[in-house]
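Here's the letter readout for the chains.
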Amino acid sequence: MTQSKNFRLFVSLLAALAIISTVRLWTSQDALTSSDTIGTALRLTVPILLAGMAGLWAERCGVLNIGIEGMMIFGTWFGAWGAWQFGPWAGLLFAILGGVFGGLVHAVATVRFNIDQVISGVVINLFAFFGVRYLSELVYVGKQGGGISQSPPQKWALPRFNLPILSGGQIAGWKSPDFLGWLELQRWFILGDLGGISRGLTHNLSWATVIAVLVVPASAWVLWRTRFGLRLRSSGESPVAAESLGVKVNHLRYYGLLISGGLAGLAGGTLSIVASSYYRQGQTAGRGFIGLATMIFGNWRPSGILIGAMLFGYAEGIKLVASDSITALFLFIAAISGVFLVVAVIRRKRVQIAVALSAFLLSAIAYRTVDTVPESLTQALPYLVTLIVLATANQRLRPPAMAGVPFRPGEPH
Amino acid sequence: MNQQLTTQRNFDSMRKSLNTLGSSVSAIILALSICAVLLLVTGKDPFAAYSKILETGLTGEKLLEMLKRATPLIFSAIAVAIGFKMNLFNIGVEGQYLFAALIAAEMATHVSLPRPLHILFILVVAMVSGAAWASIAAFLKIARGVNEVISTIMLNYIALSFIQWLFESFFRDDSDGGLNVKTTKIAPSGRMPDLVHDRLNGMFIVALIVAFLYWIVVFRSRFGFRLRASGLNPIAARTAGIPANRMVLIALMLSGAVAGLIAMPAVIGDVYGYGPSAIATQFGFAGISVALLGRNHPLGIIGAALLFGFLDSTSAVLQLSGIPSSIVKVIQAIIVLVVVIVNEASSRRYNRRTAERAAADLKSQEVPQ
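For the protein sequence lines, the chains are A and B, in the order given. Each residue of the first sequence is one higher than the one before, counting from 395 in my numbering. Each residue of the second sequence is one higher than the one before, counting from 23 in my numbering.
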């Protein structure tokens, strides 16, 4: 069963790769899978991914976290401050602590005082936005390059590295060959794309990115393979049953929210330390909410969140690196929905035929008619995709059963 | 006996509102002390800051500014409160009012009507567009079961992009060589008259009227009863034959309609058009704070909006005397957080006391018939 599932996954990935490769060669938009695009996409994926994981930890323990955006803001500010004062690694630590502070406020408000979880989150967002503005006025105003909405630039950057042999990294002073870079330059069908994608993922890589990506398997392991994780999830699925078995639900909700806040803070830290070298007001730009969106999109599972974050990161990356390649993506979507259409026709599923056909026609028409997509509209893409997913697949999504429901231990239920 | 019971009830409800008022006031005092500690820790003198706020805020000029700043907050808070009364979180007020502002400002330039009708037309267009944007979330909730918290957050961002695109591609007035980043200026017949020249316009009166209508509709009408019943106990409401889906649709559209008015003090009273930098954002979120502080009651909302307007009006002067102006916003956020926590705690205590008293009554004597 698992073998055939893995096989199916492999085949569909290969098919997607073949399609995008065909599209690339057809439109000669090499930027679609260039290592530049993929590298940028990876950098943009990381904050969204971490924000999504922050949402996962909170909701799995039973508390909605609308305040991720605010916790990320704390992360950007404290991270930039720590990095400015003590260097980038300390900065990341401060970013996490800033987020943990936000998580603690949320936990005290919702778990200790039982106030509505959405309200607490909204207030934390407001508090963070204006709180760091106040701190900036105190600390950054008057410093070289600083101001009310911006921190002074950091002197040090986090080290970056290339993977040896594959992407031209150094081994003990010897510069190894850049095999993937060479492969990418050949522009071969599928192999060229594979080269570009893997070089993008292994070239000019920040250690912080590696750590951030490792959060996904680590969270999955803790939440689904340890006793602590089982108890934490049971607090989100059925706190009453968990309590009757001796699980301290509220303690676990505290832990969950502190971890959630820390991850959100780290997400903010990667924005102000890795993706840039200073704090700027509005740096998070709604990524906390995109993170929430990926959590829903990913059906409250780490692997799903990873896929969702990569999709949104890729869309953002290609917009940044090669905005004129976006029209080529319409062709890609048209080809993908064409494949789905054929499958649906074979299976004779009427609804699926209708959906795939309309997606195919829409994207084909868009490819033929649209020359440039307005920047303002592409920004809405992640939110639009989330709404469409929610509207079409709501019945198949499975959030933690009791997320959002306050719990008071010891009271009759 | 009946007379006695009514007196008892009146007494009870009075005690409850006194309880509410008391807990709100003590929460505000608590929040101010927390902020004082915050100021002290960051090396500023809290007493100097507070006395500066009072000193500058209580002048006639600043009090007018307070009323002006409170106007959009009243609309926004009522929009949020309509949702709250039915247990619906309309976080999308932000997107609804900005969308309504753009559409109303644009439509206003396409008609020519005599003065009162033109103003009325603009207000109606704003309310209809706000309601239309809110109805997307209502539709998603009714037809597809999508939680309105998530959908309205997403719709906020979609609205921002959509507005930017509409404005840049169609509605922007380029007649003076692209320098003007606004829509075409609204004709004088569509402009709201000022109450006090250049300081306060007639939208403040509209806000008070809307607050009164909110009280009538939500607290005193049969529809309002159904709305609140659906919020308090959806299952009981459904059993009693209140159509749940229709109530969601109407509540969200009403909320969106009121949200549509938020930017109107600026659109028809100040800027006479829409421009991305001319129309202030963030009122949707501020409205959530004001509604929470005012506990969804019209008088509470007006009071909370005045308090927030008062604090906002002093921020510019604070800046001049060496106190970071953003402390005002921090105070507001802390006030809301503390008020929400204190209200929750005090209402629980009130309920427990009531239950204990009832239990004691039962033990000592017969229940009054």
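To be clear, the hints were calculated from the coordinates, so they are not data collected in a lab. Treat the hints with care, since some could be wrong.
In silico contact screen, one side only, chain A against chain B (beta carbon under 8 Å); selected entries [said to hold, decoys possible]:
id: 1; residue: ALA503
id: 2; residue: LEU532
id: 3; residue: LYS549
id: 4; residue: TYR649
id: 5; residue: LEU652
id: 6; residue: ILE690
id: 7; residue: GLN773
Ideal placement from N, C-alpha and C gives every residue a C-beta, glycine not left out.
Verification of the supplied hints:
| no. | hint | verdict |
| --- | --- | --- |
| 1 | ALA503 | holds, 6 Å |
| 2 | LEU532 | holds, 5 Å |
| 3 | LYS549 | violated, 25 Å |
| 4 | TYR649 | violated, 21 Å |
| 5 | LEU652 | violated, 18 Å |
| 6 | ILE690 | holds, 7 Å |
| 7 | GLN773 | holds, 5 Å |
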